[in-house]
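Undergrad: Turn these sequences into a full structure, and let the hints steer you where they fit.
Throughout the sequence shown, residue numbering follows numbering that gives the first Met the number 0, covering 0 to 176 in sequence.
Treat the hints with caution; some may be incorrect.
[Claimed, not checked] Straight-line distance between alpha carbons at most 30 angstroms, and here's what the computed DSBU-like set of lysine-lysine pairs gives:
hint: 1; residue 1: LYS134; residue 2: LYS150
hint: 2; residue 1: LYS54; residue 2: LYS150
hint: 3; residue 1: LYS127; residue 2: LYS150
hint: 4; residue 1: LYS80; residue 2: LYS127
hint: 5; residue 1: LYS87; residue 2: LYS134
Keep in mind that the hints were calculated from the coordinates and are not lab data.
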Amino acid sequence: MKSKLVVVLLVLSLATMGFTQDQLSARAQERITREVRHELLMLPYFGVFDSISYKVDGSTVTLLGEVVRPVTKSDAESAVKHIEGVEKVDNQIDVLPPSPMDDGLRMRLYREIYGYPALEKYALGVQKPIRIIVKMGRVTLEGVVDNETDKNLAGVRANSVPGIFQVTNNLQVVPSK
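TA: Okay, here's the thing in structure tokens:
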């Protein structure tokens with residue numbers, strides 16, 4: 000009788016242990032996700048002309064996006080590698096080719112979007128919510144805005160800059176609470 004009780008308790012403890020491990024791994028993944036976001040936002044050269052996204056799959060973090068400076072790519076990987084629980088970093092960030100033409104377009108786009116009175120509210124703060132990616136005269140707007148009107152307005156303002164071949168508006172509208 001005593002051995003049956005021990006076996007039942009052992010089975011129950013193993014079943015409970017598996018459940019808490021799943022909970023712990025979900026919590027660990029949430030923690031890793033929060034820390035990756037924090038580390039990426041704290042990168043010293045991460046600016047309005049860079050866009051970095053990431054995926055967390057267990058202990059593997061995949062970095063995606065496009066950056067202007069090669070150092071931003073390597074800094075992102077280094078920062079994420081040191082997070083507790085991260086075993087592998089797959090760095091798929093593209094470094095945009097250097098181009099004086101693209102640099103000029105970036106400055107004009109910045110002024111056109113962030114200098115427009117209806118969109119000035121997005122210019123506040125260190126990390127700008129509208130990311131301006133320019134690659135060989137093609138523009139992609141990434142990030143978040145408050146409403147569909149602001150999304151469309153940013154796209155119209157970007158299209159008004161001379162010298163741009165194409166504008167892709169990937170801005171996301173934050174759902175209102």
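Undergrad: If a hint holds in the structure, say so; if it doesn't, say that too.
TA: Structure-based check of each hint:
no.	hint	result
1	LYS134 - LYS150	21 angstroms, holds
2	LYS54 - LYS150	25 angstroms, holds
3	LYS127 - LYS150	14 angstroms, holds
4	LYS80 - LYS127	25 angstroms, holds
5	LYS87 - LYS134	29 angstroms, holds
Consistency note: the structure conflicts with none of the earlier hints.
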